[in-house]
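**Student:** Assemble chain B onto chain A, guided by the hints.
There are 2 protein chains.
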Amino acid sequence: EIVAAMERMLAAGGPLTGRHVLVTSGPTHEPIDPVRYIANRSSGKQGHAIAAAAARAGARVTLVSGPVTLPDPPDVDMRRVESARDMLAAVEAALPADVAIFAAAVADWRAADEAPEKMKKDGNAPPPLALTENPDILATIAHRTGGRPRLVIGFAAETQNVVAYAQAKRARKGCDWILANDVSAQSGIPGGVMGGDTNEVHFLTAEGAEAWPPASKTEVAEQLIARIVAALGPLEIQS
Amino acid sequence: EIVAAMERMLAAGGPLTGRHVLVTSGPTHEPIDPVRYIANRSSGKQGHAIAAAAARAGARVTLVSGPVTLPDPPDVDMRRVESARDMLAAVEAALPADVAIFAAAVADWRAADEAPEKMKKDGNAPPPLALTENPDILATIAHRTGGRPRLVIGFAAETQNVVAYAQAKRARKGCDWILANDVSAQSGIPGGVMGGDTNEVHFLTAEGAEAWPPASKTEVAEQLIARIVAALGPLEIQS
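Heads up: the protein sequence lines correspond to chains A and B, in order.
First residue of the first sequence: -6, per the numbering used here; consecutive thereafter.
First residue of the second sequence: -6, per the numbering used here; consecutive thereafter.
Identical copies look the same in the list; a pair holds intra-copy or inter-copy alike.
The list that follows gives simulated cross-link-like pairs (lysine to aspartate or glutamate, DMTMM-like), each with its CA atoms no further than 25 angstroms apart:
no., residue 1, residue 2
1, 113, 75
2, 111, 79
3, 162, 110
4, 162, 85
5, 113, 169
6, 111, 129
7, 111, 126
8, 162, 193
9, 111, 75
10, 162, 129
11, 114, 26
Hints were generated in silico from the structure; no laboratory data involved.
Please read these numbers as outputs of a predicted model, since none were measured by experiment.
Extracted from the complex, chain A is given alone in its bound form (with noise of 0.2 angstroms):
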């Protein structure tokens, strides 16, 4: 009976089928040397849950992600990249896209310098490391004005004032939606939200904020995919 029913979905296709869904997912690695970098904590979990999501949903998913750990969701067409200077070249490779979710956890700041050799310890003082700002993928991608995606979808990560930031957020980017989400140890999610397999997200739109009940990331994600699929209809065929 379940395959029976899995055989019509298929026939049928998911309500996202015919539609390209970007998603990005995972840290970004930002070198300092040969050896050093700085990183974002993410585990690429909810990024990932929701690729799996909208692939389940029918549509053409592809999937940039930084440097995780955890196994291709299926049936999505994989880039990996480490900086955030690679992951928004592979976003914008990727495009023209119905959706574009963010959920990357992407450095601000990169070394303003990278250095080409080791960098040694001298017995001194170790300067200040000089950073310089990374490009703002989420706001560039918003703020096209041609081949902009329908939808463009922002995650934000705040230790404090989490629907203030993430309002804030929103308008400043441009992006349509935005799941915020607490990541400080006070959360109250056990295990916290980072590296964790619960989440608990406030979905901030034009309209103001709901706050979502703690869910697995697989749950957030699904619900995730049932606004988009309210948001865009019915697909229009192309004559």
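**Tutor:** What follows is chain B alone, placed relative to chain A:
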């Protein structure tokens, strides 16, 4: 026949039975704020292989490891840490040991001030990141006057002048042996040393340097354990 041989070995004990071997492995992660950190590239494969080989040789093994994605080697006492300061504390707590092998890629520097909340972009150029030197775990243990392990063994990952830099490091740190390798992209190791399964090391002692042929990290571990067995000699039974 294999089972019989294993039973004989177990009955007889291995060549390191009665010895305590302390191994560090993996990278350290040095927090900048709750979501960002500085890290070293290190898979932990070489350190974990050494811990496993020491356990197979009959030693009691304590493995102090930074964040890695490897399975725990069988029959070792695992101590998981994040930062260099945590690693030094775990090493000191695990002493006394007959042999200490420092295979971890410890970050030389950490952020001078860890921010309690996530640092925000404010539209200006990011401030330079002030760094401060981490404790030198290898030198600290090698220079102990009381309770120094009989053999203190370090690693040197270099991108240029591999043997010369490593010999200077051996003298400066006060350790007995150094295993040095070339982690540059030009090392000639397919796929690179870092993260790969192959290693090519120079084995440095007070007597000079030996170039070991390229070998699997397990073979390098077994060769090192054989040298340790030879250097320690038979166990002196305390009466």
